[in-house]
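Chain order of the listed sequences is A and B. Residues in the first sequence are numbered consecutively from 76, following our numbering. Residues in the second sequence are numbered consecutively from 76, following our numbering.
Careful, some of the hints might be misleading.
One copy or two, it doesn't matter: identical chains are merged, so the pair holds either way.
Dumping the calculated DSBU-like pairs for lysine-lysine here, alpha-carbon to alpha-carbon at most 35 Å [unchecked claim]:
no., residue 1, residue 2
1, LYS107, LYS153
2, LYS107, LYS191
3, LYS91, LYS77
4, LYS77, LYS191
5, LYS191, LYS153
6, LYS287, LYS153
7, LYS287, LYS91
8, LYS395, LYS107
9, LYS91, LYS395
10, LYS287, LYS77
11, LYS91, LYS153
If you are wondering where the hints come from, they were derived from the structure by calculation, not from laboratory data.
Protein chains: 2
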Amino acid sequence: MKLLIPGPVTTSPEVKAAMAQDFAPWDNDFRKLYEQVRARVLAIAGGAADTHTVLGLQGCGHFAAEAALRTFMAPGDKILVPLVGAYAERMARLAREAGRQVVTISVDQNRPLQAKIIADALAADPSISHVGMVYSETGTGVIHDPAPISAVVQAAGRRLIIDAVSAFGALPMDVSAHPALDVVIFTSNKCFEAMPGLSFAVARIDRLDACKGNAGSWSFDYADVYANLLRPNSAGVFRFTPPAQVLASFSVALDLFERDGGQPARLARYLANKAALYDGMIALGLEPCLSRALQGPVIVNIHAPDDAAWDLMGFVDRLKQRGWLISNFYNTPEPSFRVGCIGAITSDDMRAFCAAVDAVLADMGIRNRSARRLAA
Amino acid sequence: MKLLIPGPVTTSPEVKAAMAQDFAPWDNDFRKLYEQVRARVLAIAGGAADTHTVLGLQGCGHFAAEAALRTFMAPGDKILVPLVGAYAERMARLAREAGRQVVTISVDQNRPLQAKIIADALAADPSISHVGMVYSETGTGVIHDPAPISAVVQAAGRRLIIDAVSAFGALPMDVSAHPALDVVIFTSNKCFEAMPGLSFAVARIDRLDACKGNAGSWSFDYADVYANLLRPNSAGVFRFTPPAQVLASFSVALDLFERDGGQPARLARYLANKAALYDGMIALGLEPCLSRALQGPVIVNIHAPDDAAWDLMGFVDRLKQRGWLISNFYNTPEPSFRVGCIGAITSDDMRAFCAAVDAVLADMGIRNRSARRLAA
Chain A
76 MKLLIPGPVT TSPEVKAAMA QDFAPWDNDF RKLYEQVRAR VLAIAGGAAD THTVLGLQGC
136 GHFAAEAALR TFMAPGDKIL VPLVGAYAER MARLAREAGR QVVTISVDQN RPLQAKIIAD
196 ALAADPSISH VGMVYSETGT GVIHDPAPIS AVVQAAGRRL IIDAVSAFGA LPMDVSAHPA
256 LDVVIFTSNK CFEAMPGLSF AVARIDRLDA CKGNAGSWSF DYADVYANLL RPNSAGVFRF
316 TPPAQVLASF SVALDLFERD GGQPARLARY LANKAALYDG MIALGLEPCL SRALQGPVIV
376 NIHAPDDAAW DLMGFVDRLK QRGWLISNFY NTPEPSFRVG CIGAITSDDM RAFCAAVDAV
436 LADMGIRNRS ARRLAA
Chain B
76 MKLLIPGPVT TSPEVKAAMA QDFAPWDNDF RKLYEQVRAR VLAIAGGAAD THTVLGLQGC
136 GHFAAEAALR TFMAPGDKIL VPLVGAYAER MARLAREAGR QVVTISVDQN RPLQAKIIAD
196 ALAADPSISH VGMVYSETGT GVIHDPAPIS AVVQAAGRRL IIDAVSAFGA LPMDVSAHPA
256 LDVVIFTSNK CFEAMPGLSF AVARIDRLDA CKGNAGSWSF DYADVYANLL RPNSAGVFRF
316 TPPAQVLASF SVALDLFERD GGQPARLARY LANKAALYDG MIALGLEPCL SRALQGPVIV
376 NIHAPDDAAW DLMGFVDRLK QRGWLISNFY NTPEPSFRVG CIGAITSDDM RAFCAAVDAV
436 LADMGIRNRS ARRLAA
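So here's chain A without its partners, still in its complex pose:
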């Protein structure tokens, strides 16, 4: 079975094998493993050891996002979240429920976020302390380049928090190039192709020091996570029991990442996956939701066929019988199905998947493959 979802992704046999071991998380060998992982992630993120640090946190990307919002925003602070899709909505909700002030702005979700919109919003409200953005929005499949946003945030003297959960590892990230960036978060189970259960933050050390006492949550306090790593008695140790097997699988996944050529090679493979999928869908008479120019390399939404025989669950189940797992829920206003291009998969897999889609649509008796659109 191959997973074509935007994470957890299909993993390599070596990554799976690393999960099937017992570990004592306070053991000295395990500490070394964690320290090595932190150093490797820092290098991939473009951080220097004297300005940035890498912090692991148990749990999922939402937990890392909440910890980032709580740690780097004081309780009275206000964050601007441009609503580029489902994960931006979630960031806004996490901040709001954590008692932070949130301002959202509606934007065209089917195109990259425009820096001018952010600059204008910051100019209009000097009380906004932070901007929160999603690098790769898995709701839509659009990539939002942090560089122009970071520049206007910096120019306005505000701070930036980036959710790079489905971006980091495949899309470029150089934390040193973004002085306004407090923290970028990601998880083990997306573009690094490891297992779910562990998240990471790449954070500015000066901001961690300045943000002590903000969090209002011991569990989600990155300043305390960092302070703990520096204590002689707990150097290099998670504060609480980590999913040790996931860290081990992540370490093996980093071996494969580096062996394969790092971020540029990973992006190239995902772009090839996306191209094979995009072209294949069009060749089948199906219509992707985004134009070729706007379509990112992580997730492709494809319009559901405008045929009475269409049924998403039936489609998903038939693909599953053929060895392909895709998402079984809608994430776009118009009915669509979505297919992930990330994970330990190749463009050959994507072509085989397209053939499976063709066969399944025929099985289902679908004659009209053109896009089903909502009435205006």
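Add chain B to chain A, keeping to what the hints say.
Frame of chain A, contents of chain B only:
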């Protein structure tokens, strides 16, 4: 390598094998797996489907404890935490940093918690809404029976939160017998002998309904976790990406748990492990920190030998070379080493471990094995 630590524990080969698979957490087969796990845990906890529910949460026991404190305590509520050891201290800190009022009382950590102390404290302060207790305190190895505490909390009209992280599965738990109990929390990686990364709460449904809006954290809101499970579109699904492999390993661990005879059989095995260890240590001339009557079946602390050649790290490293991993840090005021009795291990393992301790002490040139005590 066998882990003799209070979790993560040594797991069975079947449990490890379940980790080495890819899963899509929203897939219908995975939903079924989660629903089955929830129903099996509910039965083990003595809960009925109309009064109690089982809720999974990504992360470690501390996260589950914070979620329990945030959900079942309103922001102005006050919790009484008797300081029975390191994990009680942690519960108090989690509540305090979450903005809840906390009252602690010092108690004799080397004996089971006395109900009268709790009754008196509740009588003295009517503003205390909750009592928070640790069932099995892995700091000391003492078991604190919830039954008498639950009775006085009920009599005083207050509510109870139990941290059963290193107890549930091995020690008896019948949530239906404790009407004052809001929630009991535990993790996958202790007495159920699965992998770390996932925690669970067994919670009263009426209290979940009454506690909506308390949490001040979307991630740690059990009321929202529960509401999400009931929504037609997300029935039986984690809100956020779960450590799916850990859930799969937990399901296999439940198979083994039931095959072996459930909680009574698990307790019997751990008691036999503890007895073999306790007797073995005494036979070697070493001195456990607790008397036989007070020593629980989860973790045994043993006084460090009063010999200049003693060195905890050297001792731990030598045992590791022989295939045994124990904790490498002190958790008691006087120097000690601690050995876990839980996990997929038997009393034969414990006897082999005692022989290894004997050999290592000889290797280290330790002549005096009697207890090293702090100057009064």
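Right, here's what the structure says about each hint:
1. Taking CA atoms no more than 35 Å apart as the test, LYS107 paired with LYS153 passes in neither setting, with 38 Å inside one copy and 41 Å between copies.
2. Taking CA atoms no more than 35 Å apart as the test, LYS107 paired with LYS191 passes in neither setting, with 45 Å inside one copy and 47 Å between copies.
3. Taking the closest pair of Cα atoms, LYS91 and LYS77 come within 35 Å of each other both inside a single copy (14 Å) and across two copies (21 Å).
4. In the homo-oligomer, the alpha carbons of LYS77 and LYS191 never lie at most 35 Å apart, since the shortest distance is 41 Å inside one protomer and 59 Å across protomers.
5. Taking the shortest alpha-carbon separations for LYS191 and LYS153, only the intra-copy value of 19 Å comes in at or below 35 Å, while the best inter-copy value is 48 Å.
6. Taking the shortest Cα distances, LYS287 and LYS153 sit within 35 Å of each other both inside one copy (18 Å) and across copies (25 Å).
7. Proximity of LYS287 to LYS91 under the C-alpha cut-off of 35 Å is found in neither arrangement, the shortest distances being 38 Å within a copy and 39 Å between copies.
8. Taking the shortest alpha-carbon separations for LYS395 and LYS107, only the inter-copy value of 16 Å comes in at or below 35 Å, while the best intra-copy value is 40 Å.
9. Taking CA atoms no more than 35 Å apart as the test, LYS91 paired with LYS395 passes in both settings, with 21 Å inside one copy and 25 Å between copies.
10. In this assembly of identical chains, the alpha carbons of LYS287 and LYS77 never lie at most 35 Å apart, being 43 Å within a copy and 39 Å across copies at closest.
11. For the identical chains of this complex, LYS91 and LYS153 are neighbours neither inside a copy (42 Å) nor across copies (45 Å), given an alpha-carbon limit of 35 Å.
Violated hints for the displayed structure, listed by number in ascending order: 1, 2, 4, 7, 10 and 11.
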